[in-house]
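Undergrad: Each chain, written out:
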Amino acid sequence: MRQRPVDDEAPDRLYMITGGRTHADESAFDTVSLIVGECEPTPGMQSEHVKILRLTRRPMAVVELSAQLRLPVSVVKILLCDLLDTGRITVRHPSAPRSAGRPSPELLKEVLVALQNI
Amino acid sequence: MPSRTSERAPLRATAADALKIVVVGGFGVGKTTMVGAVSEIRPLSTEEVMTEAGVGIDDTRRVRGKTTTTVAFDFGRITLTESKVLYLFGAPGQQRFWYVWDQLFSGSLGAIVLVDTRRLQDSWYSIDRLEHHRMPFVVAVNRFTRGPCLDAVRDALSLPPSVPLVDCDARLRHSGKDVLVTLLRHLTTWYAPAQEPPS
Numbered sequence: 001m002r003q004r005p006v007d008d009e010a011p012d013r014l015y016m017i018t019g020g021r022t023h024a025d026e027s028a029f030d031t032v033s034l035i036v037g038e039c040e041p042t043p044g045m046q047s048e049h050v051k052i053l054r055l056t057r058r059p060m061a062v063v064e065l066s067a068q069l070r071l072p073v074s075v076v077k078i079l080l081c082d083l084l085d086t087g088r089i090t091v092r093h094p095s096a097p098r099s100a101g102r103p104s105p106e107l108l109k110e111v112l113v114a115l116q117n118i
Numbered sequence: 001m002p003s004r005t006s007e008r009a010p011l012r013a014t015a016a017d018a019l020k021i022v023v024v025g026g027f028g029v030g031k032t033t034m035v036g037a038v039s040e041i042r043p044l045s046t047e048e049v050m051t052e053a054g055v056g057i058d059d060t061r062r063v064r065g066k067t068t069t070t071v072a073f074d075f076g077r078i079t080l081t082e083s084k085v086l087y088l089f090g091a092p093g094q095q096r097f098w099y100v101w102d103q104l105f106s107g108s109l110g111a112i113v114l115v116d117t118r119r120l121q122d123s124w125y126s127i128d129r130l131e132h133h134r135m136p137f138v139v140a141v142n143r144f145t146r147g148p149c150l151d152a153v154r155d156a157l158s159l160p161p162s163v164p165l166v167d168c169d170a171r172l173r174h175s176g177k178d179v180l181v182t183l184l185r186h187l188t189t190w191y192a193p194a195q196e197p198p199s
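Read top to bottom, the protein sequences are chains H and P.
Letter by letter, the first sequence follows residues 1 to 118 in the UniProt record's numbering.
Letter by letter, the second sequence follows residues 1 to 199 in the UniProt record's numbering.
Be careful, since some hints might not be right.
[What the hints assert, rightly or not] Chain P is faced by these chain H residues, among others (derived, beta-carbon under 10 Å):
{"#": "1", "residue": "V36"}
{"#": "2", "residue": "M45"}
{"#": "3", "residue": "P59"}
{"#": "4", "residue": "L71"}
{"#": "5", "residue": "S74"}
{"#": "6", "residue": "V75"}
{"#": "7", "residue": "H93"}
{"#": "8", "residue": "P103"}
Hint data in this document are derived by calculation from the structure and do not stem from the laboratory.
Ideal Cβ positions, reconstructed from N, Cα and C, are used throughout, including at glycine.
I would like the entire structure built from these sequences, with the hints used as guidance.
TA: Have a look at this one:
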C-alpha cells in the first residue's frame, strides 16, 4: 500500500483540523452525500472550511471533498458538521437505502438505461 | 460530456442523488483501470483512517499508542441523468478494507469482483465478504492472458449459477460499460420485489 502524506502526519494534523473531535454524526453524511455551499467564505474562517465552501459552489460529494482536501473521509465529515450546524451548507442525501431495504425497480431501470447510453 | 482529463469537472448544479457501485479486487488486478475507463473524471484517490476505537481521531497521545488503519481507495463518477450521478469505487479486497465497508459503502447498489485468473485465490475472501454483507455482485475476469475458460473459473471460485461471470478488458470503456450493464441486469433480478433475494 502506498504511503500518502496523511499517513505520516496523521495524529497531530488531524487533531488540529478537527479540534480534537472524534466523530461526526455518521448518519448526517453518506460517502456520496452531495454538499452544496450556501454562502461565501468569510474572513477568519478555518482554512478547511474556506476550501470546502469554494469547492461546493457546485454540488460535490463528500468523497470528492476528501480527495481534493487530502483528508480522510471521516475527518471531512467532522468539518462538514460544523458547516451544516451553522447553515453554511446544505446536503442532498442519496435516495438508495443505506442498509435495510432495496432500491426500487424504477431506480434500477433508470440507471440501466443511462449506463447503456454512456 | 465533461472533459475526461480534468479532475475538477464539476457536477451539474442539478445533481441531487448519488449512487454507489464498488469494484473489489486484489492488488494490480485493474480496478483503477476499469474505474478510469468508464469515469468522466480521472480517478481520484483518497483514504479512510480508523483507530481501534472506531472512526476518527481521539487525542494525540492515545492515537500514537494505537494501531491506526488506513484504507486507500480510488473512485470515478458517471453522470447518469440531470439529477443522478453514479460513483464507482475501486477498493482493495484485503482484510482491513472490510472494516470500513459499512462506514463507506453501505447502501451501494452492488459490486463487481474483478479477477485475475493467475491469482484466483485473491478473490475468495472478497466473494465471501460480499456474501456476508448480502451485497449482490457479478464477477468479471480481466483477461491478461488466455487463462482458464469461464466454466473453470466458476468452479474454482465455487460461484453459484445465479452469479453472472463475464470476461472483460478493464482498459476499454465499452468493456467496463458492459460489465456495469451486466451488474444492473443482475440487480434487477436480485432486488425484484416478487421474491426474496437468494441467501
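Undergrad: Mind checking the CB of P103/H against every CB in chain P and telling me if the closest is under 10 Å?
TA: holds (6 Å)
Undergrad: Tell me if the interface restraint on L71/H is satisfied: Cβ within less than 10 Å of some Cβ in chain P.
TA: holds (8 Å)
Undergrad: Would you settle whether the hint for H93/H is holds or violated, based on the nearest Cβ-Cβ distance to chain P being less than 10 Å?
TA: Holds: closest Cβ of chain P sits about 8 Å from H93/H, inside 10 Å.
Undergrad: So, S74/H near chain P? Judge it on the closest CB pair being under 10 Å.
TA: holds (5 Å)
Undergrad: Does P59/H pass the interface check with chain P, least Cβ-Cβ distance below 10 Å?
TA: holds (5 Å)
Undergrad: Return the status of the interface hint for V75/H: holds when the least beta-carbon distance to chain P is below 10 Å, violated otherwise.
TA: OK, holds: V75/H within 10 Å of chain P, min 7 Å.
Undergrad: Is the interface hint for M45/H satisfied, with its Cβ closer than 10 Å to some Cβ of chain P?
TA: violated (21 Å)
Undergrad: Hint validation: V36/H versus chain P, beta carbon distance must be below 10 Å. Holds or violated?
TA: holds (9 Å)
This entry does not satisfy hint 2, going by the numbered hints stated previously; all others are met.
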